[in-house]
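Below, each chain spelled out in residue letters.
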Amino acid sequence: QQQVRQSSQSLTVWEGETAILNCSYENSAFDYFPWYQQFPGEGPALLIAIRSVSDKKEDGRFTIFFNKREKNLSLHIKDSQPGDSATYFCAASGSNYNVLYFGSGTKLTVEP
Amino acid sequence: EAAVTQSPRNKVTVTGGNVTLSCRQTNSHNYMYWYRQDTGHGLRLIHYSYGAGNLQIGDVPDGYKATRTTQEDFFLLLELASPSQTSLYFCASSPDREEVFFGKGTRLTVV
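Going down the list, the protein sequences come from chains X and A. Per this note's numbering, the first sequence runs over residues -4 to 107. Per this note's numbering, the second sequence runs over residues 23 to 133.
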């Protein structure tokens, strides 16, 4: 049973557009939601994270929108660049858990 | 910057073979993890540990053993490798169960 779901396996946008990556989760006890970015040949790396007490977290061109009632969140990448082409993983955890649960990932391609 | 080093980076073995994947972290993190990454499944947790001598079972433990010999070293053992274990394996460490630092991965092929 997948606790964290990413609806799109892949997404292609043009340079300069806003890419929107979606994620949903099952467990109401989750309260920490990071997004990880992975380039080919590398391990995933933390990009941005939000806690469930907030509904928005912004860091430069990257913004997380969080909807606790609907148990979903999205990562918006404004002014997408070809260098943003990577796989993005949504993850979740909570104070009662010792681990992060990861979604299946969305491969983003930004076309110049 | 947290450093997690995996070895080997690539490994080919035969069905029924014995394989050990190694991981070392140099940041004195308490938590260490082994994940496998497969297309369509994302990152799935195999085993994890929160200190030397400790071992916890993850979501996909069948066919895998793990051992945490020191604070720094975490090993993943496949004693009877099968083709279904062909995958990209990541080791990771974390100070606090939240920000997780990954190694570069080991690509294992079981033929």
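Simulated from the structure, these hints should not be mistaken for laboratory data. Any given hint might turn out to be false.
To be verified - Heads up, simulated DSS-like pairs for lysine-lysine below, C-alpha to C-alpha not over 30 Å straight-line:
#  : chain 1 : residue 1 : chain 2 : residue 2
1  : X       : K73       : A       : K33
2  : A       : K87       : A       : K33
3  : X       : K52       : X       : K63
4  : A       : K126      : X       : K52
5  : A       : K87       : A       : K126
6  : X       : K52       : X       : K73
7  : X       : K73       : X       : K102
8  : X       : K102      : A       : K33
9  : A       : K87       : X       : K73
10 : X       : K52       : X       : K102
11 : X       : K52       : X       : K66
12 : X       : K66       : X       : K51
Hint compliance check: list the failing hint numbers for this structure, sorted ascending. 1, 9
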